[in-house]
Each structure stands twice: as structure tokens, then as C-alpha cells.
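Protein chains: 2
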Amino acid sequence: ADIEAGKAKAAVCAACHGVAGKASVPVYPHLAGQQEAYLLTQLKAFKDGSRKEPLMVPFMAPLSEADMENLAAYYASLK
Amino acid sequence: ADIEAGKAKAAVCAACHGVAGKASVPVYPHLAGQQEAYLLTQLKAFKDGSRKEPLMVPFMAPLSEADMENLAAYYASLK
Chain A
1 ADIEAGKAKA
11 AVCAACHGVA
21 GKASVPVYPH
31 LAGQQEAYLL
41 TQLKAFKDGS
51 RKEPLMVPFM
61 APLSEADMEN
71 LAAYYASLK
Chain B
1 ADIEAGKAKA
11 AVCAACHGVA
21 GKASVPVYPH
31 LAGQQEAYLL
41 TQLKAFKDGS
51 RKEPLMVPFM
61 APLSEADMEN
71 LAAYYASLK
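Line by line, the protein sequences are chains A and B. For the first sequence, our numbering gives the first residue as 1, with consecutive numbering after it. For the second sequence, our numbering gives the first residue as 1, with consecutive numbering after it.
In short, the hints are calculated from the structure, not lab data. The structure displayed is predicted, hence computed values, not measured ones. By construction, the Cβ of each residue, glycine as well, lies at the ideal position given by its N, Cα and C atoms. A hint or two may mislead.
[Unchecked claim] DSSO-like mimics (lysine-lysine), calculated; alpha carbons at most 27 Å apart, straight line:
id, chain 1, residue 1, chain 2, residue 2
1, A, Lys47, B, Lys79
2, A, Lys7, A, Lys44
3, B, Lys22, A, Lys47
4, B, Lys9, A, Lys44
5, A, Lys22, A, Lys79
6, A, Lys44, B, Lys44
7, A, Lys79, B, Lys7
8, A, Lys47, A, Lys7
9, A, Lys44, B, Lys22
10, B, Lys22, A, Lys22
11, B, Lys9, A, Lys7
12, B, Lys52, A, Lys22
13, B, Lys52, A, Lys44
14, A, Lys47, B, Lys7
15, A, Lys22, B, Lys47
16, B, Lys22, A, Lys79
17, B, Lys52, A, Lys52
18, A, Lys22, B, Lys79
19, A, Lys79, B, Lys47
20, B, Lys79, A, Lys7
21, A, Lys52, B, Lys47
22, B, Lys52, A, Lys47
[Claimed, not checked] Cβ-Cβ distance ranges computed for the label pairs, FRET-style:
id, chain 1, residue 1, chain 2, residue 2, range
23, B, Gly49, A, Met56, 34 to 40 Å
24, A, Val19, B, Ala11, 17 to 23 Å
25, B, Asp2, A, Ile3, 38 to 44 Å
26, A, Val27, B, Val12, 22 to 28 Å
27, A, Glu4, B, Pro58, 37 to 43 Å
In isolation and in its complexed conformation, chain A is listed as follows:
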């Protein structure tokens, strides 16, 4: 996975999950330092609908498998 590519893709995520993966809204999760495998599993679950989260749906459509891997690697790399 490519952390720098993930960082570039993460710009839109920052609106809710914070610029460094620290969410500013209490109901949204921090992503910084989260487990890479967990993040990837959840991204895939949002995309395939097995984890139903309507807020995430519009953000998943444009993401490829590689994008999701890169995003998971990026957020896992943060402290």
C-alpha cells in the first residue's frame, strides 16, 4: 500500500475524520493509529453494504481496491 497516495485520497475524509485522523465531531471515529487491517475491512464493508452507514456511501463509490488499501495504510501510519 502507498501511504502518500492514501494521504492524497484522504482530503475528503478530513471533513469528518479530521485533518490528521482525529475527528472533531464526537460521533465520528478517530482513524489515526487505528489498525490497518481493521480500517480496510470496514472500508470494504461500507462499499459492499455489509456495514450499513449511509453517510459513508457517497464517499465509497469512487474508491478502488487500491485506494482503500492506501487509505487504510495512511490512517494506520498516523499517531
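With chain A held as given, fit chain B onto it using these hints.
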């Protein structure tokens, strides 16, 4: 919410999420320092089935609303 009561209830959670909320298994999420409101929302979603996670189901049945509030407060309090 009662952080100490949450800590007591968290003993069983530690098997997967770690003794201090740091998961030892890559596919399980860290809980330490996660947002309290997010943790509570997810616990309720596991309990009511709106977030489908079969692994979590058996652990949710014995938890009261207060238990879930205390668990969320406990994990949010960790670093």
C-alpha cells in the same frame, strides 16, 4: 457514565481489544482514546443489529444501557 464500572465490565472485551484497548489482532479495532459518543453509538448498533457483526453479538446481550455508557466512557478515557 462511570469509568471504573466500565473498566470492570471491559474484562471480557480485552480478549480481542487488548487489556488497555489496544487490539493485538490486526483485524480488531483499537478502542483506547476513541470518541465516547462513537463508541456508544456502535455498541448500541451491535446490540440492536443495525451494525451486523456476529462476533460482537454474544457480548452485547448481557449489557444494559448503563453498561454501554460506562464502557464507552472507559475506553474513551484511555490513551
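Hints not upheld, ascending by number: 1, 4, 11, 14, 19, 23, 24
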